[in-house]
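Make a model of the complete structure from these sequences and hints.
Each chain, written out:
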Amino acid sequence: MSRRTRVITRTFALHWARALPRARFGFAPRATRRAAFARATRLALEDLGPAFIKLGQVASVRPDLVPPEYVFEFEQLQDRVPPLPAERIAAVIRHELGRPLFELFDDFETEPIAAASIAQVHRARLAREVRPVIGDVMPAGTPVAIKVVRPGAAQVIAADLAEARRLLSRLDRFGLSRRIDAPALLEEFAASLASELDLRNEGRVSDRFAHDFRDDRCVMTPRIAWSHTSRSVLTMEYVEGWRLTEIDDAARAGVDAFHLALHGATVFMKQVLVLGRYHADLHPANLFVTPDSRICYLDFGIVGTTEREERINIAQVLAATVYGDADRALCYSAKLGLEVPEDKQAQVRRRVGELMGRTLNVPGKAADVKGFATGFLSVMADARVPIPAGYGLLVKALVTVEGVARAIYPDIDITRAAKPFATRLIAQQMMRPDRIADRLPAALRAALRELVS
Amino acid sequence: MAEDQFMRFLAAWALVHETADEGWKAAVVRGAEQETGSMEAGPEAFVDGLSAMIAEEKERLKAALASGEVEAPGSKADVGSQLDDLLFEVRELRGRLESMQTTLDAVLAEDEDHGVK
Numbered sequence: 001m002s003r004r005t006r007v008i009t010r011t012f013a014l015h016w017a018r019a020l021p022r023a024r025f026g027f028a029p030r031a032t033r034r035a036a037f038a039r040a041t042r043l044a045l046e047d048l049g050p051a052f053i054k055l056g057q058v059a060s061v062r063p064d065l066v067p068p069e070y071v072f073e074f075e076q077l078q079d080r081v082p083p084l085p086a087e088r089i090a091a092v093i094r095h096e097l098g099r100p101l102f103e104l105f106d107d108f109e110t111e112p113i114a115a116a117s118i119a120q121v122h123r124a125r126l127a128r129e130v131r132p133v134i135g136d137v138m139p140a141g142t143p144v145a146i147k148v149v150r151p152g153a154a155q156v157i158a159a160d161l162a163e164a165r166r167l168l169s170r171l172d173r174f175g176l177s178r179r180i181d182a183p184a185l186l187e188e189f190a191a192s193l194a195s196e197l198d199l200r201n202e203g204r205v206s207d208r209f210a211h212d213f214r215d216d217r218c219v220m221t222p223r224i225a226w227s228h229t230s231r232s233v234l235t236m237e238y239v240e241g242w243r244l245t246e247i248d249d250a251a252r253a254g255v256d257a258f259h260l261a262l263h264g265a266t267v268f269m270k271q272v273l274v275l276g277r278y279h280a281d282l283h284p285a286n287l288f289v290t291p292d293s294r295i296c297y298l299d300f301g302i303v304g305t306t307e308r309e310e311r312i313n314i315a316q317v318l319a320a321t322v323y324g325d326a327d328r329a330l331c332y333s334a335k336l337g338l339e340v341p342e343d344k345q346a347q348v349r350r351r352v353g354e355l356m357g358r359t360l361n362v363p364g365k366a367a368d369v370k371g372f373a374t375g376f377l378s379v380m381a382d383a384r385v386p387i388p389a390g391y392g393l394l395v396k397a398l399v400t401v402e403g404v405a406r407a408i409y410p411d412i413d414i415t416r417a418a419k420p421f422a423t424r425l426i427a428q429q430m431m432r433p434d435r436i437a438d439r440l441p442a443a444l445r446a447a448l449r450e451l452v453s
Numbered sequence: 001m002a003e004d005q006f007m008r009f010l011a012a013w014a015l016v017h018e019t020a021d022e023g024w025k026a027a028v029v030r031g032a033e034q035e036t037g038s039m040e041a042g043p044e045a046f047v048d049g050l051s052a053m054i055a056e057e058k059e060r061l062k063a064a065l066a067s068g069e070v071e072a073p074g075s076k077a078d079v080g081s082q083l084d085d086l087l088f089e090v091r092e093l094r095g096r097l098e099s100m101q102t103t104l105d106a107v108l109a110e111d112e113d114h115g116v117k
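One line per chain: the protein sequences are A and B, in this order.
Residue numbers for the first sequence follow the working numbering, beginning at 1 and rising by one.
Residue numbers for the second sequence follow the working numbering, beginning at 1 and rising by one.
The hints are simulated quantities; they were obtained by calculation from the structure and are not laboratory data.
Watch out, some of these pointers could steer you wrong.
[Stated by the list, open to error] Only pairs whose alpha carbons sit at most 20 angstroms apart, straight line, appear in this in silico SDA-like list of lysine to any residue:
| no. | chain 1 | residue 1 | chain 2 | residue 2 |
| --- | --- | --- | --- | --- |
| 1 | A | LYS270 | B | MET53 |
| 2 | B | LYS25 | B | PHE46 |
| 3 | A | LYS365 | B | GLY42 |
| 4 | A | LYS365 | B | GLU35 |
| 5 | B | LYS62 | A | GLN428 |
| 6 | B | LYS58 | A | ALA427 |
| 7 | B | LYS58 | A | PRO420 |
| 8 | A | LYS270 | B | SER81 |
| 9 | B | LYS25 | B | GLU56 |
| 10 | A | LYS270 | B | ASP84 |
| 11 | B | LYS62 | A | ARG424 |
| 12 | A | LYS270 | B | ASP85 |
| 13 | A | LYS365 | B | GLU56 |
| 14 | A | LYS365 | A | GLY353 |
| 15 | B | LYS25 | B | SER51 |
| 16 | B | LYS58 | A | GLN428 |
| 17 | A | LYS370 | A | ASP325 |
| 18 | A | LYS270 | B | GLU57 |
| 19 | B | LYS58 | B | GLU22 |
| 20 | B | LYS58 | A | ARG424 |
| 21 | B | LYS62 | A | ALA427 |
| 22 | A | LYS270 | A | ARG208 |
| 23 | A | LYS370 | A | PRO284 |
| 24 | A | LYS335 | A | ALA383 |
Bear in mind the structure is a predicted one, so any value in this text is a computation, not a measurement.
Structural data, given as structure tokens:
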């Protein structure tokens with residue numbers, strides 16, 4: 001057993017042992033027990049550093065592989081590491097962009113504005129004019145945020161990943177990770193890491209998002225300076241604003257928080273149900289509220305996609321859910337790959353119906369989407385119904401949207417945005433010429449039968 | 001006789017239309033009076049709410065038609081949207097090229113630093 005493996009084992013053992021009293025040594029109700037161990041696991045991952053933090057973050061968007069308590073606990077993983085000296089970051093910029101820092105930027109700030117396991121961000125000003133893909137030209141002097149991949153980040157993570165892989169295969173032999181498909185998660189982690197290490201991917205998705213929402217005056221993303229961007233350096237406009245934790249300051253400055261929260265939820269639904277690509281790694285740190293009352297989206301690390309036919313079914317599931325129709329929600333969920341075995345359908349339908357009543361349709365109370373999602377995933381887990389990956393990601397994303405909307409306006413009920421949106425969308429789908437052509441013969445036959453009888 | 005029956009059929013059709021129209025108008029009024037969140041009270045409340053939403057959309061459509069904003073597929077607006085998308089693709093391509101050029105310059109500069117010719 002290598003030294004690192006011993007550290008990993010000891011860290012997990014220590015945190016899990018500390019969770020035992022909270023879990024009443026296994027005698028607490030299942031939800032309490034799971035929550036206690038989920039918290040312990042999150043703390044262990046934070047102690048073990050970048051690779052494990054990233055692994056936890058990947059797991060947090062996979063409710064199809066990881067129990068719901070862990071999904072929502074891992075969301076809180078803090079990816080903060082001590083910053084690297086500015087000279088090392090400047091060397092990366094020089095190496096990647098081929099010119100000394102002073103030729104490209106003015107006023108490069110040596111103190112980073114963010115330092116995470118993969119990248120570090122510094123503020124500076126453009127030394128010359130840059131023409132972005134979307135929006136107005138950025139003149140010389142425009143404040144920018146330069147995101148730089150930490151040198152050696154990929155190698156450190158890959159080495160830790162190899163250790164984690166060895167350790168998990170051992171756990172698998174003892175049957176300790178039967179709820180989590182570790183090999184699948186590790187594969188996904190490797191792919192996600194590869195994509196995140198190439199910052200140009202993030203820039204492209206950001207530009208696409210800006211194009212998709214070009215007519216929406218309440219939404220923005222930073223403009224990208226492509227001439228100052230490479231695989232390991234991403235230069236983007238620096239956006240002034242408030243983090244969601246500082247929303248009180250924004251409200252004092254006259255920002256309409258309620259409207260922004262509701263609009264944020266609608267923007268997400270438009271991404272999922274109309275455009276077919278959505279920001280799947282939304283959390284309060286990735287959002288700003290600007291002084292001119294706009295939501296600024298950052299960090300497009302994980303992007304989900306939906307196909308046209310999926311979008312119709314998702315709209316149906318969403319509408320059925322927000323209107324409390326369990327039958328319809330499960331019927332359209334099946335079309336999305338969530339297949340409940342026939343002998344369990346009645347039981348699942350009953351439990352989902354009760355859950356809807358308890359969480360989404362309580363008179364006088366705002367809907368609790370997170371409560372519903374956690375309960376729904378538990379019902380499926382109890383019935384041993386596998387959750388398709390895309391479906392799980394979507395459920396998680398919807399919960400995150402509620403969390404973000406509530407960070408902006410605590411009393412918001414996002415189903416208020418979901419109801420008219422989903423209803424309109426279904427009405428639009430019904431009016432599609434191909435759908436009408438498809439259904440017209442049957443409708444005419446039914447009408448004729450009615451007339452003749 | 002056949003003509004009487006035909007007239008009767010058309011009269012029935014007109015009556016159905018008139019009744020449906022009255023029902024529709026009443027549903028719109030009821031839907032417009034609903035408070036937020038009342039649509040889930042039951043199927044009838046839902047239909048009323050939906051009718052009010054459709055009526056709002058109808059008013060918007062009327063206004064757009066009156067101002068000449070709505071145009072047929074292939075019209076100026078439709079072509080404009082397609083051009084917008086195309087322009088974005090071209091600009092995105094330019095962004096990629098600029099980034100590639102930067103990387104290429106960096107590699108060449110490094111070669112020069114190392115004395116590679």
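Restraint check for LYS365/A with GLY353/A, where alpha carbons must lie at most 20 angstroms apart: Between LYS365/A and GLY353/A the Cα gap is close to 17 angstroms, so the pair holds against 20 angstroms.
Proposed proximity, GLY42/B with LYS365/A (alpha carbon, max 20 angstroms): holds, 18 angstroms
Distance restraint between LYS58/B and GLU22/B, which requires alpha-carbon spacing of 20 angstroms or less: holds, 17 angstroms
Given pair status - ASP325/A, LYS370/A, alpha carbons within 20 angstroms: holds, 18 angstroms
Proposed proximity, ALA427/A with LYS58/B (alpha carbon, max 20 angstroms): Status holds; Cα separation ~13 angstroms.
Holds or violated: LYS270/A to ARG208/A, with C-alpha atoms at most 20 angstroms apart: Holds, at roughly 14 angstroms.
Restraint status (C-alpha distance of LYS370/A to PRO284/A at most 20 angstroms): holds, 16 angstroms
Proposed proximity, ARG424/A with LYS58/B (alpha carbon, max 20 angstroms): Roughly 13 angstroms separates the two Cα atoms, so the pair holds.
Restraint status (C-alpha distance of LYS270/A to ASP84/B at most 20 angstroms): Roughly 19 angstroms between the alpha carbons, so the hint for LYS270/A and ASP84/B holds.
Restraint check for LYS58/B with PRO420/A, where alpha carbons must lie at most 20 angstroms apart: Roughly 15 angstroms separates the two Cα atoms, so the pair holds.
Given hint GLU35/B paired with LYS365/A - CA-CA distance at most 20 angstroms: holds, 15 angstroms
Satisfaction of hint between SER51/B and LYS25/B, Cα-Cα up to 20 angstroms: holds, 9 angstroms
Checked against the numbered hints above, the structure violates only hint 13.
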